[in-house]
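Chemist: Once you have looked at the hints, place chain B on chain A.
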Amino acid sequence: MLSTTTFSGTTTTISSISGSYKHLLLIIDRITSSTSGSYNNFDLTPNSLSSSSQTTATQRSNNSHTLNNNIFGPFLITNMQSAAGNQSIAIMIYNYASTTRFKPYSIVGTFTGTSPDGNHVPLVGGGALASTDAITAFTFTMVQSTTNGGTVQIYGVD
Amino acid sequence: MTKPNIQIHNIETDEITIREMTDEEFAHYQLVQDNFQTQQVELEAKAQAKAALLERLGITADEAKLLLS
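Chains A and B supply the protein sequences, listed in that same order. Heads up, the first sequence is in the numbering used here, so the first residue is 1 and it goes up one at a time. Heads up, the second sequence is in the numbering used here, so the first residue is 1001 and it goes up one at a time.
Bound conformation, chain B alone:
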């Protein structure tokens, strides 16, 4: 599997290198992507719970904002 490239700026030498990620760098990259997926699932669940609550209360999102303002 081809790994994405990484740009490395060594600011001591001002040298810029672009190369394929190492295994360790790729592990970090994947961790960040996994965090994103987890966040998306959480956001979706929150949106669904919010919509269900509004329906139970019989009010719109705008009316809920008015109540909380």
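Here chain A stands alone, though its shape is the one from the complex:
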């Protein structure tokens, strides 16, 4: 295991990720937002993707093909129940340290959301970061609120 980070505030960046492994596994667990009774979106962006020169292409199990700067874009989680604390997501990113290849990723997990309220919404899908830049950082953002706990563990996989 490379790290365990507890989310804090609106934005958490994990930096200086070692490039010594073949793949990365991220386990995101029990994220909650601080705005009681609300529904929030949660974003995960690799490196500092503020331009469209590096994009992801994602296919969700229940959604159409999307292009965005964010992993699983436009949001990793949409309409997450603020205080549920049952969110659990595993993300595998392949070739993350390569400077010549794109980075495929797969996502499995669930979060507590709406339709109906309290429903455990499955997250199943994958795509690729269409960039030859090595991934050395991740930025997590809670939209319209701040995080109130939850962790992300990062594992290097050979």
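Just so you know, these hints were derived from the structure itself, not from any lab. Please note that a few of the clues may not be correct.
[To be verified] Here's a subset of chain A near chain B, in silico, CB distances under 8 Å, partners left out: (1) L2; (2) S3; (3) T5; (4) G9; (5) T12; (6) T13; (7) S16; (8) S38; (9) N41; (10) N119; (11) T139.
[As the list claims (entries may be wrong)] Stretches of chain B that chain A covers, calculated by requiring three or more beta carbons in the stretch to come under 8 Å of a beta carbon on chain A: (12) 1001-1008; (13) 1017-1029; (14) 1034-1043.
[To be verified] Per label pair, the in silico range of CB-to-CB distance: (15) B:A1064 to A:G19: 44 to 52 Å; (16) A:V124 to B:A1061: 20 to 28 Å; (17) A:A130 to B:A1045: 43 to 51 Å; (18) B:E1042 to A:P104: 23 to 31 Å.
Nothing here was measured: the structure is a model prediction, and the numbers come from that model. Note that the Cβ used here is the ideal one computed from N, Cα and C, for glycine as well.
Modeler: Relative to chain A, chain B alone:
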């Protein structure tokens, strides 16, 4: 304008820093917020179009689900 704080966990040194966002970090933060607003507008438009279609067809949402099941 005060920018939000950002937590940075350098996992090489295990050092955790909390400070105000830089301009570049704030630009990314705003992009994420803008994506959210765009998504909300799209969802609202979709919900309105759906309601209008159901009304034209003269069926309820539950009846539409039954037809598609």
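Chemist: Does the hinted range 44 to 52 Å hold for B:A1064 and A:G19 at CB?
Modeler: holds, 51 Å
Chemist: At the C-beta level, are A:A130 and B:A1045 separated by a distance inside 43 to 51 Å?
Modeler: violated, 28 Å
Chemist: A:S38 was flagged as interface toward chain B. Is the shortest Cβ-Cβ separation under 8 Å?
Modeler: The hint is violated - A:S38 has no Cβ within 8 Å of chain B, the shortest such distance being about 13 Å.
Chemist: Within the assertion that chain A covers the segment 1034-1043 of chain B, do at least three residues meet a Cβ-to-Cβ distance smaller than 8 Å?
Modeler: holds (count 4)
Chemist: Do at least three Cβ atoms from the segment 1001-1008 of chain B come closer than 8 Å to Cβ atoms of chain A?
Modeler: holds (count 5)
Chemist: Answer holds if the nearest beta-carbon of chain B is closer than 8 Å to that of A:T13; otherwise answer violated.
Modeler: With Cβ-Cβ at 5 Å, under 8 Å, it holds.
Chemist: Using the nearest Cβ pair, does A:S3 come within less than 8 Å of chain B?
Modeler: holds, 4 Å
Chemist: At a threshold of 8 Å, is the proposed contact between A:S16 and chain B supported by beta-carbon distances?
Modeler: Because about 4 Å separates A:S16 from the closest Cβ in chain B, which is inside the 8 Å limit, the hint holds.
Chemist: Tell me if A:N41 is really an interface residue toward chain B, meaning its C-beta lies closer than 8 Å to one of theirs.
Modeler: holds, 6 Å
Chemist: Tell me if the interface restraint on A:T12 is satisfied: Cβ within less than 8 Å of some Cβ in chain B.
Modeler: Holds, because the Cβ-Cβ distance from A:T12 to chain B comes to roughly 5 Å (cut-off 8 Å).
Chemist: Would you check chain A against the segment 1017-1029 of chain B, counting CB to CB pairs closer than 8 Å, and say if three or more residues qualify?
Modeler: Coverage by chain A holds for the segment 1017-1029 of chain B (7 residues, Cβ < 8 Å).
Chemist: Classify the hint on A:G9 as holds or violated, based on whether any CB of chain B lies nearer than 8 Å to its CB.
Modeler: A:G9 check passes; min Cβ-Cβ to chain B is 5 Å, inside 8 Å.
Violated hints, listed in ascending order, are 8, 10 and 17; each of the other numbered hints is respected by the structure.
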